[in-house]
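Protein chains: 2
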Amino acid sequence: MSVHLQIEATRGAARAGKLITPHGEVETPVFMPVGTLASVKGVSQDLLEELGVEILLSNTYHLFLRPGVETVRRMGGLHRFMSWDRAILTDSGGFQVFSLTDLRKVTEEGVAFRSHLDGSSHFLSPEKAMEAQIGLGADIIMAFDECTEYPAELARARASTELTLRWAERCKNYFEEHKSEVPWARAESAEVRTAGRTNASAPTRAGEMRPPGTRQALFGIVQGGMDTELRRESAERTIDIGFPGYAIGGLSVGEPRELTRDIVLSTLEHLPSDQPRYLMGVGTPEEIAEYARSGVDMMDCVLPTRAARHGLLFTSEGKVSIKQARYAQDENALDPACDCRVCQRYSRAYLRHLYSSNELLAQVLNTVHNLHFYLATMRTVRAWIRAGHAPAASALQM
Amino acid sequence: MSVHLQIEATRGAARAGKLITPHGEVETPVFMPVGTLASVKGVSQDLLEELGVEILLSNTYHLFLRPGVETVRRMGGLHRFMSWDRAILTDSGGFQVFSLTDLRKVTEEGVAFRSHLDGSSHFLSPEKAMEAQIGLGADIIMAFDECTEYPAELARARASTELTLRWAERCKNYFEEHKSEVPWARAESAEVRTAGRTNASAPTRAGEMRPPGTRQALFGIVQGGMDTELRRESAERTIDIGFPGYAIGGLSVGEPRELTRDIVLSTLEHLPSDQPRYLMGVGTPEEIAEYARSGVDMMDCVLPTRAARHGLLFTSEGKVSIKQARYAQDENALDPACDCRVCQRYSRAYLRHLYSSNELLAQVLNTVHNLHFYLATMRTVRAWIRAGHAPAASALQM
Numbered sequence: 001m002s003v004h005l006q007i008e009a010t011r012g013a014a015r016a017g018k019l020i021t022p023h024g025e026v027e028t029p030v031f032m033p034v035g036t037l038a039s040v041k042g043v044s045q046d047l048l049e050e051l052g053v054e055i056l057l058s059n060t061y062h063l064f065l066r067p068g069v070e071t072v073r074r075m076g077g078l079h080r081f082m083s084w085d086r087a088i089l090t091d092s093g094g095f096q097v098f099s100l101t102d103l104r105k106v107t108e109e110g111v112a113f114r115s116h117l118d119g120s121s122h123f124l125s126p127e128k129a130m131e132a133q134i135g136l137g138a139d140i141i142m143a144f145d146e147c148t149e150y151p152a153e154l155a156r157a158r159a160s161t162e163l164t165l166r167w168a169e170r171c172k173n174y175f176e177e178h179k180s181e182v183p184w185a186r187a188e189s190a191e192v193r194t195a196g197r198t199n200a201s202a203p204t205r206a207g208e209m210r211p212p213g214t215r216q217a218l219f220g221i222v223q224g225g226m227d228t229e230l231r232r233e234s235a236e237r238t239i240d241i242g243f244p245g246y247a248i249g250g251l252s253v254g255e256p257r258e259l260t261r262d263i264v265l266s267t268l269e270h271l272p273s274d275q276p277r278y279l280m281g282v283g284t285p286e287e288i289a290e291y292a293r294s295g296v297d298m299m300d301c302v303l304p305t306r307a308a309r310h311g312l313l314f315t316s317e318g319k320v321s322i323k324q325a326r327y328a329q330d331e332n333a334l335d336p337a338c339d340c341r342v343c344q345r346y347s348r349a350y351l352r353h354l355y356s357s358n359e360l361l362a363q364v365l366n367t368v369h370n371l372h373f374y375l376a377t378m379r380t381v382r383a384w385i386r387a388g389h390a391p392a393a394s395a396l397q398m
Numbered sequence: 399m400s401v402h403l404q405i406e407a408t409r410g411a412a413r414a415g416k417l418i419t420p421h422g423e424v425e426t427p428v429f430m431p432v433g434t435l436a437s438v439k440g441v442s443q444d445l446l447e448e449l450g451v452e453i454l455l456s457n458t459y460h461l462f463l464r465p466g467v468e469t470v471r472r473m474g475g476l477h478r479f480m481s482w483d484r485a486i487l488t489d490s491g492g493f494q495v496f497s498l499t500d501l502r503k504v505t506e507e508g509v510a511f512r513s514h515l516d517g518s519s520h521f522l523s524p525e526k527a528m529e530a531q532i533g534l535g536a537d538i539i540m541a542f543d544e545c546t547e548y549p550a551e552l553a554r555a556r557a558s559t560e561l562t563l564r565w566a567e568r569c570k571n572y573f574e575e576h577k578s579e580v581p582w583a584r585a586e587s588a589e590v591r592t593a594g595r596t597n598a599s600a601p602t603r604a605g606e607m608r609p610p611g612t613r614q615a616l617f618g619i620v621q622g623g624m625d626t627e628l629r630r631e632s633a634e635r636t637i638d639i640g641f642p643g644y645a646i647g648g649l650s651v652g653e654p655r656e657l658t659r660d661i662v663l664s665t666l667e668h669l670p671s672d673q674p675r676y677l678m679g680v681g682t683p684e685e686i687a688e689y690a691r692s693g694v695d696m697m698d699c700v701l702p703t704r705a706a707r708h709g710l711l712f713t714s715e716g717k718v719s720i721k722q723a724r725y726a727q728d729e730n731a732l733d734p735a736c737d738c739r740v741c742q743r744y745s746r747a748y749l750r751h752l753y754s755s756n757e758l759l760a761q762v763l764n765t766v767h768n769l770h771f772y773l774a775t776m777r778t779v780r781a782w783i784r785a786g787h788a789p790a791a792s793a794l795q796m
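Those protein sequence lines, which keep their order, are chains E and W.
According to my numbering, the first sequence is numbered sequentially starting from 1.
According to my numbering, the second sequence is numbered sequentially starting from 399.
Excised from the complex, chain E in its bound form (with noise of 0.2 Å):
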C-alpha cells in the first residue's frame, strides 16, 4: 500500500482526514513547511515536532547541488540524513529549474541547466528526476513537469503541457521500475542511530513507522497555463497515467491572485474526490485557508520562512512589520492571541531589538511564529471541517 488520504469528514467540498505515509500519518489538509536544503532556516527538528510539523518539504534542485543525490542516499536518504522520522514530500526540481530562465534549456529528453551557485553544468529529465527523489527517499515525490511561464498564449501553453504529460508518463515508467530502490526500504531491517533523547516526540528508529510493504509514492502535476479547458484537459489525461495524489502546478508565477483562485477552484473540480489533492506553492494564511475549504489536501509555501526573516510577522491582528519604530518600547506579546513560544516568552520590544540588530535570534524566533501560526491556521480549518457533518458514503465518492 502506497501513501494514501483517509477521508474522515466533510464539509461541502471541503476534507478532513489522514494522509497515510510509510513516516507517519498526517492531519489533513495540511501546510508544509519548506526545508530547502534539508533544513527550515533556522529552526531544529525537535522544535519542528514540537510545533506539530508532519509533513515538511524538501526541493531536489537544491539537494542535487548541495550536498549531492548520492551523498543523502549513501547516509540513507534524507529522514535519515536530516534526523526526521516524520513524513517529507520533495518537489522534482522542474520548478526551481525553470526559474532559471536565462541558465537553461529546455528539450523533448529534459533541461540542461547551469547551477545558480557555480554556473556548472547539470542536466534533469523525467528519468534523472525520479532517480534523484529515488535516491532522497522522500515519502511522496513528484512528477517532472514544465511550469508554464506567465503570461503565454495558448498555442504555448498547450505545446508545454502536452510535454509535462509526455514527461508525466516518463516518471511513471521509471519510478515503476525502480521505486524498490528507495533507500530506506534497504535501510528497515538496518540498525540506524536515531535519537536517545527520551521525550515522547524524538523519532523512533527508522523502520518502526514503516508497516511492511509501504513505499514511495509518485504524485502527479496538473498544468494547463490560465486556460480552465487546458487545465481541465491536463488534469484528465494525467488522471489517465494514473497516479496516487495529484498537484496542481503552474501557479503563484505572476499572475493576480484572482486568477489563481479561479484556476484552482475550476481545476479542483476535475481531481479524484477519494485521492490528494496538492496546491502547490501557495499562499498567505487567508489562502491556505480558503484553498483547504475549497478541497485541497495539501499546500506548502516559503512566504511563512521567508517573510520571517525579512520581519514580516502573521498574527491574528494582521501583518506585523517587526522592524517598525513604534515597537521599539512595546511591552506586549507580538500576538496576544498566540501560544506560540515566542509569544508566550517575548515582548515586541525585544523581537523587534533582535530584529534591527541583525540578531540570530530574530530569525529563529520569527520564523517559529509564522510556522505555528500557518499551522494553527490549518488547525483551525480542519476543526471548521469536523464540525461541519460526518462523511457520507456519497461524499467519498462524488
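Hints were generated in silico from the structure; no laboratory data involved.
Ideal Cβ positions, reconstructed from N, Cα and C, are used throughout, including at glycine.
This list has only true hints and no planted wrong ones.
Here are the in silico distance ranges between beta carbons for each label pair: (1) W:LEU501 with E:ASN358: 16 to 24 Å; (2) W:GLU729 with E:PRO256: 43 to 51 Å; (3) W:LEU515 with E:GLU169: 56 to 64 Å.
Start from chain E and add chain W according to the hints.
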C-alpha cells in the same frame, strides 16, 4: 545582602560553591556565555535554560548603542527585556571602548568614542558607566576601568593602573549613591508579564526570586599590565576601596598564553579567599578548567559561541572543523561522548552540510554544542573539587 559566594568545598586552591544573586543561585566555578546584545547569538532563552546556563554576560557598550540603556530601563531592565529570570553580569563597556583604538580619546574624566556602527559620538566615564549598568539592571556590574594595551612600558602600565584605581573609587561612590535605582527594585512589587509556559524551567514572575533587600553588586577590576608587582599593588589597593567581588582584567589582549597564566596565578594570590574571583575574557576549554582548578570562580569568553559560528567545534576528542570534506559522509555524532541535543540527534555529515550550505541552523546547532561542551567542562571541574575534601574553616579563611 548583596551578591556573595558560598563556598561549599575546596581542593587545593580551587573552590566549589554557590554564587548567591538576586536572580538565583549559580553553581561555581562557572562559565558565563556571552549574550552581547541581550541574546546569545542564535540560541533562545528556553534552550539556554535547558543547557543549564545560570548566569549570562551582556555587554554594556553594545546595549548602550542598541537598543539604548533608556529603552532597556523603561522595559524593566535586562532580565525582563530579554525574558531571562536567571542571573546576568554586565561588563562596564571599558574593554569594548578601548578596543576602538582609533575611535576613542581617554582623559581623566572618561573616554570619548565614536560608535563602530555609525560613527556617532559618545562619552563614557565611571559615573556614566555606572548609570548605564544600573539602568540595565544586571545582578553583577563591573567597574569602569582602563584596559592597558599590550605591550606597554612599565611607566605606562603604572599610569594606566593608577587611572583605573581613581576610576574605581568614582564608580563605587556613584554606585553607592544610586544603587537603589535599579529597575527591578521598583518592579519587584509590580505585576510583570512573563511566560505562561508550563515546563519546570520556565521563568517565574520577576520578583519571586529576589529576596527582600537583595541588590546589584559592583565588582572591582584588577589591572596592572603584565607586571606581577604592579598587579599585586592593583589588587591590594582595589581591595582597599572595597568591593563584594574582584575581577582580573587586562588579559587576553594579545600576550602569549604562558604570560596570561603567570599573571592570573600570581594575581589570584592577592585576592580575598572568601569573595568571588572573576577572570575576564578567558579562554579555551583547557584554560577554563585549569583556572577553575587554580581558584577562579567565574569566567566568560566569546570563544565557544564565536568559534561555533565559524564551524569550529570543541569535542572530547579535540577540535573539529566541521567544514572539512572528510565529514561529508560521516554518520557519527559530532562528539560520541557528548549528551547534548545536537550530538544525540545529528550526524557530522548533516552538520557539515548545514555549515557548507550557509544554513542558519548550522550556527544554532554549533553554538548549542559548544556551549554544552563548556558548561560540561565546568561541571566536571566542580565535581572534581567536590570529590576532594570538605571545606575546613581554615580553607575558607586561607
